[in-house]
Amino acid sequence: MSIEAHGIRKKFGAYTALDGVDLNVPQGKLVALLGPSGSGKTTLLRIIAGLEFPDPGSGRVLFHGEDVTDVPAGKRRVGFVFQHYALFRHMSVFDNVAFGLRVRRRRDRPSKESIAERAHKLLELVQLEGLAGRYPSQLSGGERQRVALARALAVEPKVLLLDEPFGALDARVRKDLRRWLRRFHDEIQLTTIFVTHDQEEALEIADEVVIMNKAHVEQVGTPQEVYDRPASPFVYQFLGNVNVLRAPALAHSVPRGARPEGPNPEGQIYVRPHDIEVTAHDAGGTGLSAVVRHIHAAGPQARLLVEQVQTREHVEVEISRSELSNLGLNVNDLVRLRLRQTHSFDEDYAI
Amino acid sequence: MASAIASTLATRPVRAVSHRATRDPAWARWTLTAVALLFLAFFLVLPLLVVFVQALDKGGAYFLATVREPDALASIRLTLLTVAIAVPANVTFGVSAAWAIAKFRFPGKSLLTTLIDLPFAVSPVISGLIYVLVFGAQGWLGPWLIDHNIRIIFAVPGIILATTFVTFPFVARELIPLMQAQGTDEEYSAVTLGASGWQTFWRVTLPNIRWGLLYGVILCNARAMGEFGAVSVVSGHIRGETNTMPLHVEILYNEYNIVGAFAVASLLALLALATLVLKSIVEWRQTGTP
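As they're listed, the protein sequences go chains G and Y.
Residues 363 to 713 in the working numbering are what the first sequence spells out, letter by letter.
Residues 312 to 601 in the working numbering are what the second sequence spells out, letter by letter.
Everything labelled a hint here was simulated from the structure, so no lab data went into it.
Accuracy of the hints is not assured; some may be wrong.
[Stated by the list, open to error] Below, simulated DSBU-like cross-link-like pairs (lysine-lysine); rule was C-alpha separation at most 35 angstroms, straight line:
#1 Y/Lys-369 to G/Lys-373
#2 G/Lys-520 to Y/Lys-414
#3 G/Lys-373 to G/Lys-474
#4 G/Lys-483 to G/Lys-373
[Unchecked claim] With beta-carbon atoms standing in for the labels, derived distance ranges:
#5 Y/Val-433 to G/Asp-432: 28 to 36 angstroms
#6 G/Thr-431 to Y/Trp-513: 36 to 44 angstroms
#7 Y/Leu-426 to G/Thr-378: 29 to 37 angstroms
#8 Y/Gly-494 to G/Gln-672: 50 to 58 angstroms
[What the hints assert, rightly or not] A few chain G positions that, by computed beta-carbon distances, are all more than 12 angstroms from chain Y:
#9 Gln-445
#10 His-446
#11 His-452
#12 Val-465
#13 Val-517
#14 Lys-537
#15 Asp-590
#16 His-676
Ideal placement from N, C-alpha and C gives every residue a C-beta, glycine not left out.
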């Protein structure tokens with residue numbers, strides 16, 4: 363089922379959480395709402411679920427083209443997984459999963475046997491068959507997460523909404539679980555929106571990323587689109603490390619094709635650390651002279667902190683370990699920098 | 312062998328030091344413990360013993376006779392009736408107030424939170440007087456009540472009202488922090504799963520607060536049985552009609568029927584002890600379950 367939101371506004375007192383937000387999630391896609399905390403992403407998710415309502419007269423929420431703005435949460439057929447799972451702590455895993463079916467009105471309620479069958483099938487789906495009798499406090503974070511997912515799926519939702527699904531887990535479990543979620547989504551093909559503040563997570567598993575900032579949507583696109591063609595300085599900076607450099611100094615260090623175009627010669631240039639090429643200074647040729655100030659070689663890539671000779675601006679550079687050893691660099695060596703790919707934004711668009 | 316000895320020798324001084332650093336000297340520990348125990352014995356255990364010793368001073372037969380006397384029986388019945396109405400009423404009010412305060416945002420919330428504490432802040436005598444001023448013959452509603460032949464002050468309704476007022480905070484106070492700590496996510500979950508408000512309350516909220524609620528009920532019950540000040544003001548002390556157990560104890564005592572007074576008092580004390588045992592069981596359960 364597709365999800366649309368048009369012109370959603372939401373204020374909490376004097377604080378604006380959402381300021382005219384539009385969203386369009388096609389059927390069957392896995393979409394990430396990505397943004398820093400306070401950007402309004404969770405509020406948007408709760409409005410889609412029906413746990414919050416947009417300010418009166420401000421906007422509409424459509425499921426499959428049908429207006430559900432005034433439909434209460436319980437009737438929207440959404441599966442919602444909370445950041446801290448919100449499992450019913452006094453119920454066993456099995457009872458948690460069966461809850462959504464047991465609270466149905468008698469004529470819609472499946473028989474006891476089919477409820478049990480369905481709950482067990484769902485626990486099998488999330489690979490927790492053996493834990494039906496346990497209580498939430500006896501489970502690990504990853505297990506709780508999957509129980510919450512099974513519970514949400516029990517009511518056969520038309521959409522699945524996940525609020526920071528991996529936020530409360532440790533790094534290793536988080537990685538495993540997000541790959542599992544991607545495979546899981548491919549299997550069940552349910553339109554899914556998840557909220558996250560972790561750009562790596564969003565870029566890795568989402569079909570489409572919606573980047574939010576300060577109550578607005580900044581950009582929508584596939585992970586590759588938003589990473590390669592960020593629409594604003596905010597997106598550029600949010601999606602990875604970036605150097606912000608003054609443009610004039612760089613005029614001769616950027617190859618013609620990569621040079622920023624448009625009426626902005628005095629503006630700023632954005633360049634990612636891995637888009638900078640480092641060559642030895644005495645090799646001649648063009649490039650920006652800089653002095654190596656710090657070498658951080660632990661990890662898959664070597665990170666250098668260099669200082670431009672001309673402007674004294676500090677620049678972060680990422681090169682491979684083998685390149686580093688080929689160059690034989692030491693602190694205080696002079697090098698040349700060449701920028702492979704840069705971005706610039708019109709001043710009036712900048713934040 | 313030698314190395315084992317060497318290692319114990321090596322670890323021993325370290326351990327001793329770490330223990331000494333976190334412990335007070337023995338004499339200080341013993342003195343503090345002794346002071347606490349003496350205080351307990353003198354102010355809590357001794358009076359309790361005196362109650363039971365005095366009650367049985369003239370033998371078991373006299374004790375039974377005093378307790379079975381019609382006025383005493385009437386006071387027991389009245390106390391139980393008061394508790395039977397005041398406690399359920401306060402459970403209802405307390406749960407609704409705590410639910411509203413802990414789970415919703417609304418204007419006037421902090422005012423309501425403060426008001427709940429009012430009965431604790433006001434002297435019980437004042438609480439009783441308030442009812443006399445409102446419902447008494449010279450009070451605001453007095454003439455109207457007399458016209459309609461409704462008796463509140465110096466009658467059972469007044470006693471129940473005053474008791475309910477005085478014991479109002481127990482349940483709400485117990486539940487508000489508990490419900491605030493639990494948050495609203497579980498309720499929201501239930502709602503997204505299709506549960507109605509009523510189902511959410513019975514199946515999710517109530518089971519989560521059951522031990523806290525029981526604890527509040529026990530405290531509320533103990534206070535409702537023992538309330539003296541507020542009830543004394545509104546009761547009128549009519550023997551066999553408007554005397555609760557604490558008031559009956561006072562009357563017997565004022566009539567120099569010391570043994571009789573202690574006999575009825577011992578019943579109250581027994582109820583209090585039973586309450587304490589119940590409370591400990593609940594506390595033990597509360598910490599024992601997730």
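Evaluated hints:
no. : hint                                       : in the structure
1   : Y/Lys-369 to G/Lys-373                     : violated, 75 angstroms
2   : G/Lys-520 to Y/Lys-414                     : holds, 28 angstroms
3   : G/Lys-373 to G/Lys-474                     : violated, 44 angstroms
4   : G/Lys-483 to G/Lys-373                     : violated, 41 angstroms
5   : Y/Val-433 to G/Asp-432: 28 to 36 angstroms : violated, 46 angstroms
6   : G/Thr-431 to Y/Trp-513: 36 to 44 angstroms : violated, 29 angstroms
7   : Y/Leu-426 to G/Thr-378: 29 to 37 angstroms : holds, 33 angstroms
8   : Y/Gly-494 to G/Gln-672: 50 to 58 angstroms : holds, 56 angstroms
9   : Gln-445                                    : violated, 8 angstroms
10  : His-446                                    : violated, 6 angstroms
11  : His-452                                    : violated, 4 angstroms
12  : Val-465                                    : violated, 4 angstroms
13  : Val-517                                    : violated, 6 angstroms
14  : Lys-537                                    : holds, 25 angstroms
15  : Asp-590                                    : holds, 37 angstroms
16  : His-676                                    : holds, 44 angstroms
The structure shown violates the earlier hints numbered 1, 3, 4, 5, 6, 9, 10, 11, 12 and 13.
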